[in-house]
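If you read the protein sequences in the order shown, they are chains H and Z.
Mapping of the first sequence onto my numbering: position 90 corresponds to residue 121, and the numbering continues sequentially without gaps.
Mapping of the second sequence onto my numbering: position 19 corresponds to residue 50, and the numbering continues sequentially without gaps.
Simulated from the structure, these hints should not be mistaken for laboratory data.
Keep in mind that a hint or two might mislead.
Just so you know, same-sequence chains aren't split out, so a pair can sit in one copy or run between any two.
To be verified - Below, a list of computed lysine to aspartate or glutamate pairs in the EDC-like style, where the Cα atoms sit at most 20 Å apart:
id, residue 1, residue 2
1, K209, E172
2, K96, E154
3, K175, E156
4, K96, E160
5, K209, E156
6, K183, D102
7, K175, D225
8, K175, E122
9, K86, E54
10, K96, D219
11, K175, D116
There are 2 protein chains.
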Amino acid sequence: MATSRLTVEAGQPPLRRRGAVLERAILDAALDQLNTVGFNGLTMEGVAAGAQTGKAAVYRRWPSKEDLVADALRAALPSLAHAPDLGSVREDLFELCRTLREAMYSRPGTALRSVLHECDQAEAERFHELITEGVMRPTEERIKEVVRRGIKRGEVRPGADHTFVYEVIPAMMMYRAKVCGSEWADPDFEQMVDRVMLPLLLAPAP
Amino acid sequence: MATSRLTVEAGQPPLRRRGAVLERAILDAALDQLNTVGFNGLTMEGVAAGAQTGKAAVYRRWPSKEDLVADALRAALPSLAHAPDLGSVREDLFELCRTLREAMYSRPGTALRSVLHECDQAEAERFHELITEGVMRPTEERIKEVVRRGIKRGEVRPGADHTFVYEVIPAMMMYRAKVCGSEWADPDFEQMVDRVMLPLLLAPAP
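The following block holds chain H by itself, in its conformation from the complex (with noise of 0.2 Å):
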């Protein structure tokens, strides 16, 4: 990504990418701008300047601002499109925390919450539906997917399959991550999933 911090030199013809890689340049772009300008640094001009590229190619794609600094985001997140299977429901609620941390403090995550920061409120619903569409909801599907194929093991008992129970984990994350303001460390993760996920999903020794 270093070539997207680069500006262009007067007189300098931009360089020539068509499609997917231009749009990808466009994209890191937005993202290394929100990360050291901000939302509100932010312009299409500044973007197209990062990318090499004209400001036209830019609004070509997006017509706002908002709508680059949505996608932009939405493209740099971590997946969660698949649940992890590691065989049993501790080490894949394990991993499921890794990857929702990675979303909520990788660069993507940082810059999507001082996006949240910095807009106004009208703006600050779309964003705000980038997160939960994009890394809350998944990762509850994601927990429901855990916690059905423990309970056809014989491991989960059949009456934790409730939407309730499997929003447990994101919210404790936003919890302590808004009001204790600390970042997860392994050793929380663990406390999480020994003291409140494992004694609320485990079936009773037979």
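Since the structure of chain H is already known, use the hints to place chain Z on it.
For chain Z alone, coordinates are given in the frame of chain H:
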């Protein structure tokens, strides 16, 4: 609180009140202003007029708008000083959920959340602390009392005495309010208590 909505007519002398009574009137007027014109619209003059007193009486007690607003919110939040003791963990937790909901959605709770949206980041930290120290931490403390009493009765398993366990209810309530944008109805509390908290807390049947 009807008086706090009146304004001082030109030339009309301020009402003669002192000490706690006047203080109460000023705090009420501040809360009124928060709910009508918001944090940015609130002025010390407006609050003084609402409380039918002079600006000097306000400034004498609160050197800044932020101090006044923080005190007005703190004074109006429902008290979380005592844990319910209704004989069963289930009933105690319901009662605590209802108190926490009151703190979140009551007039001061709503005002507090709107303040957080309006104020800048340095101010936000202070009001954020008000939520943490005035609402969230006391809730955790009360849940701890309820759980420990349940352990003594033999109703709750001893392993449930853990910080992370006490955070589940406030975390879930904050999460649903933020991510789902939904208020908490009594049936939601029932599901949270019966599907999450009781399986997590109760000692296995002997």
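For each hint, the structure was consulted:
1. K209 <-> E172: between (23 Å within a copy, 18 Å between copies)
2. K96 <-> E154: Answer is within: at 11 Å inside a copy they meet the 20 Å cutoff, but 28 Å across does not.
3. K175 <-> E156: neither (26 Å within a copy, 35 Å between copies)
4. K96 <-> E160: Within one copy, since 17 Å is at most 20 Å while 33 Å is not.
5. K209 <-> E156: both (18 Å within a copy, 11 Å between copies)
6. K183 <-> D102: neither (38 Å within a copy, 54 Å between copies)
7. K175 <-> D225: Intra 18 Å, inter 18 Å, cutoff 20 Å: intra and inter.
8. K175 <-> E122: This pair counts as within: shortest intra-copy Cα distance 15 Å, inter-copy 28 Å.
9. K86 <-> E54: So K86 and E54 pass the 20 Å test inside one copy only (13 Å; across, 58 Å).
10. K96 <-> D219: neither (37 Å within a copy, 39 Å between copies)
11. K175 <-> D116: within (12 Å within a copy, 35 Å between copies)
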